[in-house]
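Chains A and B, in that order, give the protein sequences. In case it helps, our numbering puts the first sequence at residues 56 to 356. In case it helps, our numbering puts the second sequence at residues 10 to 316.
Some hints here could point you the wrong way.
What the hints assert, rightly or not - Incomplete in silico selection of chain B near chain A, CB under 8 Å:
no.	residue
1	W66
2	I70
3	G71
4	Q119
5	A127
6	L218
7	Q243
Claimed, not checked - Here are the simulated lysine-lysine pairs, DSSO-like style, with alpha carbons at most 30 Å apart:
no.	chain 1	residue 1	chain 2	residue 2
8	A	K58	A	K266
9	B	K114	A	K164
10	A	K136	B	K244
11	A	K266	B	K244
12	A	K103	A	K136
13	B	K244	A	K164
14	B	K114	B	K244
15	A	K351	A	K266
16	B	K180	B	K114
17	A	K200	A	K136
18	A	K266	B	K114
19	A	K136	A	K289
20	A	K351	A	K103
Please keep in mind that the hints were generated in silico from the structure rather than gathered at the bench. Note that beta-carbon positions come from the ideal geometry of N, C-alpha and C, so glycine has one too.
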Amino acid sequence: MSKGEIVLGALAPHPPHVVYAENPDQNEPVSEGGWETLRWGYHRLARKLETIDYDVMVVFTPHWQTYVGTHFLGVPRFSSKSVDPVFPNIFRYNYDLEVDVDLSEAMCKAASDAGLITRMMRNPDFRVDYGTITSCHMMNPRWDKPIITISSNRNTHYYSPEVMIEQALALGRACRTAIEESGKRVVLVSSHSLSHRHFVTESPLPEDMSKEHIYNHSQYVWDMALIDLFRQGKMREAIDIMPEFTEQTIAETEGGGLVWMMGAMGMPEYPAEIYGYQSVIGTGNCIAAWVPQPDKREIVL
Amino acid sequence: MDHDIIQFGLYVPPHPHPLLSPGASEGYQRLRDAFDTCRERIENSDADLIIVYSTTWPSIIGHQFQANPNSEWVHVDDDFHYLGSMPYSFTMDSVFAEACVEKAKERGLQARTVNYDAFPIDTGSITALSLLNPENRIPATIVSSNMYANRSETIVLGKAIRDALTEEKRKAVVVVVSSLSNRMFTEPIDPSKDRIHSQKDDDWNRKILEFFEDGRLEDLSQLSREIHGQIRVQKVVAYKPAWWMASTMGQHNNYEGEVLSYEALNGSGGAVIQLTPSVGSIGDKEFDEDDVEYYRGDRNVLDQGGV
Ligand SMILES: [Fe+2]
């Protein structure tokens, strides 16, 4: 068996608005579109993924929040409806997805061996979170690959951003070990926004793009500072400023997704591919990808 | 009579153990017994409505009221999925939920009902309603906890619900679903050895329970910020349940208080408490934070020019 590898890692924000705007059959509400900058970026990334050979998508989500360790999906198939508790008016999505339980168990064990608290989630009634579903739908709308979801432990609030970073890096390294031993080709998905201050009101038509803008200029400047480091391939620096970034922009990075992915990918020193940046209900959302194999890397935007 | 609108208030914990695994520890069983006692008291009261404020249902777009007349699904907790599934079927009072939204808007709040098949009702609300009102003998509504709301907004929310109760001439049991100290153990524990996470959390919890036993709900409301700083993991901007409960129940200290149970739930402080409106007061605190009747939104300080 050849050594498994991470073929791409994506920062894939999951505002349910982008799925709503796509009007897929699976989602009940109907929209007139909206948030095209993000959606077209996702389309481009999805097209690229069709040219890459991979076996499974591994998603780290801030919307499966666990306090007692890190949990991994451990049921082969989930089929249900996901209704967003915050935006139920725009996201009621019927899903039917498969989980690579073997790799999930291997990552869980590797993380446990590394000293992290872990647990497999074996309850078949469990509903997969809308963050996972949104990111996966946008990256692979055909749903023809199995996925794995990893929960986000609430270290940032329970301890500190620094503790979260140490643990997320360790989790990432453990996942990489399990992936290499599995012989599989894996796409990693860090599912979250950057700056994360929302407007607390909504237009009568949520997709009214004349109303959409970043919550304030400070959020925008911070988002751009981070994306600039992505472009330059300075991920060590990006992780170093993460506690400050997260605090200043109440960023969704607090869950640890990007840090986990960078831990798994060995802290890339090459430029990220940038697929788009747009605000959704005031939050800052960037789609970016890190591609380890140099000849697969492109300048997108 | 105005005070008929509140039959009594309950403060109950959000974790599912009293519902799913009461036998796992003597403490969980005592919490369960306390829930059962409260269920009987609701049955023996004149209540025609249960209003749940759940700290485990966050919202962003203002305040959401559950209005699906038949809310049904099978829920599984994010952390405690191994304890089992939580099938539920709740009767919601959609007319009252609409009235709350209308009153909330009149007081300047953003509010809406939610009425969608398969809506994911939260662990805390399911635990409370399953144990307190298992046969759906009376209808309920659940109100979300807005992540950005602070004191003014939360107090005005309680007043708006009170407006709706008065106008609709309802008799409600008010249920707050919240831990006291909310720090849990972050490693698996033996349930039979569960304890409050720290001595400090336990000390503060017991002090809060003294206030509850003395019926000093308004004083607890005034102490919310201090409680938040001392024993709440800083996941949200403030400890809001006491603000909401005090405001909804009428902003005073005139209650018969009873702590039916206080136990650890995976390290957090879980208490079942009943507050029944009465006469007389032993509150001894006066504070200078202004009462607020109408919510005017953020003050937009950031837009006043930067450095
Ligand atoms: Fe999110």
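Evaluated hints:
Proximity of B/W66 to chain A holds as hinted, the smallest CB-CB distance being about 6 Å (cut-off 8 Å). A hinted interface residue such as B/I70 counts as satisfied when its beta carbon comes closer than 8 Å to some beta carbon of chain A; here the least separation is about 5 Å, so the hint holds. The interface hint given for B/G71 is met, as the beta carbon of that residue sits about 6 Å from the closest beta carbon of chain A, less than 8 Å. Here the hint on B/Q119 is kept, as its CB sits about 5 Å from the closest CB of chain A, short of 8 Å.
A cut of 8 Å between beta carbons decides the hint on B/A127: the least distance to chain A is about 4 Å, and the hint holds. The interface hint given for B/L218 is violated, since its Cβ lies 23 Å from the closest Cβ of chain A, which is over the 8 Å cut-off. At about 6 Å, the closest approach between the beta carbon of B/Q243 and any beta carbon in chain A falls short of 8 Å, and the interface hint on this residue holds. Taken as a hint, the A/K58 and A/K266 pair is broken in the structure, with Cα atoms around 49 Å apart against an allowance of 30 Å.
For the suggested pair B/K114 and A/K164, the alpha carbons sit about 51 Å apart, so the restraint of at most 30 Å is broken. The hinted pair formed by A/K136 and B/K244 meets the criterion: a straight-line CA distance of about 28 Å does not exceed 30 Å. Of the pairs offered as hints, the one joining A/K266 and B/K244 holds, with about 29 Å between alpha carbons and a cut-off of 30 Å not exceeded. Of the supplied pair hints, the one linking A/K103 and A/K136 holds, its CA atoms being roughly 28 Å apart against a limit of 30 Å.
Between B/K244 and A/K164 the CA atoms are separated by roughly 29 Å; this keeps the pair inside 30 Å, and the hint holds. At roughly 27 Å between alpha-carbon atoms, B/K114 and B/K244 fall within 30 Å of each other, so this suggested pair holds. Distance hint between A/K351 and A/K266 is unfulfilled; the C-alpha atoms sit about 38 Å from each other, more than 30 Å. A threshold of 30 Å between alpha carbons decides the hint, and for B/K180 with B/K114 the separation of about 22 Å falls inside it, so the pair holds.
Pair hint A/K200 plus A/K136 holds up; C-alpha atoms about 19 Å apart against a cutoff of 30 Å. With a CA separation close to 21 Å, the supplied pair A/K266 and B/K114 stays within the 30 Å bound. Restraint check for A/K136 and A/K289: the C-alpha separation of about 39 Å exceeds 30 Å, so the hint is violated. For a cut-off of 30 Å, the pair hint linking A/K351 to A/K103 stands: about 9 Å separates their Cα positions.
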